[in-house]
Amino acid sequence: MPLNLRSEWRWLLALILFAGILRMWHLVTTEVTARDSIHFIRIAWQLENEPWKEVLSKATQHPGFPFATLGMSHLVRPILANDLPLAMQVSAQLVSVLASLLI
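Residues in the sequence shown are numbered from 832 upward in steps of one, following this note's numbering.
If you are wondering where the hints come from, they were derived from the structure by calculation, not from laboratory data.
Mixed in with the good hints, there may be bad ones.
[Unchecked claim] Pairwise CB distance ranges (calculated):
id	residue 1	residue 2	range
1	838	911	35 to 45 Å
2	882	845	37 to 47 Å
3	840	863	29 to 39 Å
4	912	855	17 to 27 Å
5	838	885	21 to 31 Å
6	842	884	41 to 51 Å
7	839	870	17 to 27 Å
8	888	931	23 to 33 Å
The beta carbon of each residue, even a glycine, is placed where N, CA and C say it ideally should be.
Could you put the whole structure together from the sequences, leaning on the hints where they help?
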C-alpha cells in the first residue's frame with residue numbers, strides 16, 4: 832500500500848486538534864493547580880528575581896519547566912496584568928498544554 836503523506840498529515844492534524852481541545856477544556860475547568868506545579872512556579876519566580884546560579888543550585892527539579900513557565904509568563908502577564916499569581920498559574924498550565932501536544 833503506497834504511503835499517502837497528505838492523508839497522514841490530515842490524521843496527525845486531527846489528532847493534535849482533538850488533543851488540544853481536550854487539554855484546553857482541562858485548563859478551563861481546573862480549579863486548583865497541583866502541588867508540584869506550585870513548586871515549579873516558585874522556581875520560575877525565583878529565576879526572575881534571584882541569581883540563576885543560586886536558584887539552580889537549590890532547585891530540586893530540572894529547570895526546563897520553570898524556564899518555560901517564566902517565558903510563557905511574559906506573554907500572559909499583559910493579559911492578566913493585575914494578578915501575578917494567576918498569571919503564573921495560567922502560564923504553567925499553558926506550558927503543560929504545549930508540552931502535552933508536542934509529546
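Tell me the hint numbers this structure goes against, listed in increasing order. 5 and 7
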